[in-house]
Amino acid sequence: GENVEQHPSTLSVQEGDSAVIKCTYSDSASNYFPWYKQELGKGPQLIIDIRSNVGEKKDQRIAVTLNKTAKHFSLHITETQPEDSAVYFCAASMGSNYQLIWGAGTKLIIKP
Amino acid sequence: NAGVMQNPRHLVRRRGQEARLRCSPMKGHSHVYWYRQLPEEGLKFMVYLQKENIIDESGMPKERFSAEFPKEGPSILRIQQVVRGDSAAYFCASSPGLARAKNIQYFGAGTRLSVL
Chain A
348 GENVEQHPST
358 LSVQEGDSAV
368 IKCTYSDSAS
378 NYFPWYKQEL
388 GKGPQLIIDI
398 RSNVGEKKDQ
408 RIAVTLNKTA
418 KHFSLHITET
428 QPEDSAVYFC
438 AASMGSNYQL
448 IWGAGTKLII
458 KP
Chain B
989 NAGVMQNPRH
999 LVRRRGQEAR
1009 LRCSPMKGHS
1019 HVYWYRQLPE
1029 EGLKFMVYLQ
1039 KENIIDESGM
1049 PKERFSAEFP
1059 KEGPSILRIQ
1069 QVVRGDSAAY
1079 FCASSPGLAR
1089 AKNIQYFGAG
1099 TRLSVL
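The listed protein sequences derive, respectively, from chains A and B. Under the working numbering, think of the first position of the first sequence as 348, with each following residue one higher. Under the working numbering, think of the first position of the second sequence as 989, with each following residue one higher.
Okay, chain A solo, but in the shape it has when bound:
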């Protein structure tokens, strides 16, 4: 079955710098890749997603890139701010399978 690996487990960046979190997946049939942000004491919130027919998607300071050949996708956050501090999860899913397979999460720390 599908397996999703996420790196790094912890990422500390200076406020204003960029942060990049990477995920790899094993099943080439996967075609949907969401990213979720979880703040302390809250449920995960969808922040951006990408489908396999697109290589890149942007939403203000957040972007996701997808490399289907290499089977990896990445989250890019530019001009980081203190409120970006949270745990970020990637996931992958196949079109015919509703279940999301989750990465282990990355704790992003923004240093003032």
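Misleading hints may appear alongside valid ones.
[To be verified] Below, in silico cross-link-like pairs of lysine-lysine (DSSO-like), each with a Cα-Cα straight-line distance of 30 Å or less:
1) 1032(B) x 384(A)
2) 404(A) x 1050(B)
3) 1032(B) x 454(A)
Just so you know, these hints were derived from the structure itself, not from any lab.
Put chain B on the given structure of chain A with help from the hints.
For chain B alone, coordinates are given in the frame of chain A:
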């Protein structure tokens, strides 16, 4: 349009008691998922339900745990005879089940279960 509603937010039980966690999906959503999360860990899939049907319960322990999503009312995750190891945050997510949006899951704020 209210989001996914979970209650209670916090639940304290003694060993051997029953825990009932409720989840009301977003309006118009007919698919519900339950996840478990231990501190400092990721989300572990437990069960996926549609109205009146369990679609995938591969992540749910065979004993003591059960889930339902009746035609009317919220989805219920039930844990019988709780043990200390059941202490965790339990999250519910819902999705519309429509062709293009079927994978998109929206999460509730979770129920934090503490077993004394």
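Hints, verified against the model:
1. Distance check on the hinted pair: residue 1032(B) and residue 384(A) sit about 16 Å apart at the alpha-carbon level, within 30 Å; holds.
2. A threshold of 30 Å between alpha carbons decides the hint, and for residue 404(A) with residue 1050(B) the separation of about 41 Å lies outside it, so the pair is violated.
3. Of the supplied pair hints, the one linking residue 1032(B) and residue 454(A) holds, its CA atoms being roughly 17 Å apart against a limit of 30 Å.
In terms of the numbered hints stated before, the structure departs from hint 2 and from no other.
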